[in-house]
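According to this note's numbering, the stretch in the sequence shown is residues 25 to 163, in order.
Since the hints were made in silico from the structure, they are not lab data. Every residue, glycine too, gets a C-beta built ideally from N, C-alpha and C. Don't take every hint at face value.
Label pairs and their calculated CB-CB ranges [unchecked claim]:
| hint | residue 1 | residue 2 | range |
| --- | --- | --- | --- |
| 1 | Ile98 | Asp69 | 16 to 26 Å |
| 2 | Arg129 | Ile160 | 19 to 29 Å |
| 3 | Gln60 | Met90 | 14 to 24 Å |
| 4 | Arg83 | Arg50 | 13 to 23 Å |
| 5 | Lys125 | Phe46 | 30 to 40 Å |
| 6 | Lys59 | Asn99 | 34 to 44 Å |
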Amino acid sequence: MKRRKFIALLRGREEVPSIRTFSFGRFQAKVTKNKQKLLYKIILDNISKVTAVNLYLGRRGKVGPMVAKLFGPINSSISVLRGVIEGAITSENLTGPLKGKNIKRLIKKIEKGKIYVNVKTKTNPTGKLRGQLIQIIKY
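Given only the sequences and the hints, what does the whole structure look like? Please build it.
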């Protein structure tokens, strides 16, 4: 069986409410062979004063609780023309309604379209970029 892969395009127009911005990004993730980790890569372009990147539980257009921290929060901030953040999520990293749950629970929520990525900045503390995670299906 192939490892599951997920992607999200990060745009200001996906925020609630929508934001006009020239910033954008992409989130990619794949499940490890032992299904104990979700390896991720975040690529951010043309963005200023990033303070945090997190996963949240919620459908497109809805705001929900945080379920995993991916970057930050930091008091200072970073600004990049192109920046890459890589890491891994395990069951120990889950928080909010998924705290104490298995990583497989997060994966099931992603497959059902219930998880989104949110990029926060100093100027947009509730979120500047957002994208709903979807599963990549190859035929």
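Cβ distance range 34 to 44 Å for Lys59 and Asn99, holds or violated: holds, 35 Å
13 to 23 Å as the expected CB spacing between Arg50 and Arg83, which holds or is violated: holds, 20 Å
Pairwise beta carbon distance, Arg129 to Ile160, judged against the given window 19 to 29 Å: holds, 20 Å
Status of the given 16 to 26 Å range, CB of Asp69 versus CB of Ile98: Distance hint for Ile98, Asp69 holds at roughly 19 Å.
CB-CB spacing for Met90 and Gln60 relative to the 14 to 24 Å hint: holds, 21 Å
CB-CB spacing for Phe46 and Lys125 relative to the 30 to 40 Å hint: Cβ of Lys125 to Cβ of Phe46: about 37 Å, so the range 30 to 40 Å holds.
Checked against the numbered hints listed earlier, the structure breaks none of them; every hint is satisfied.
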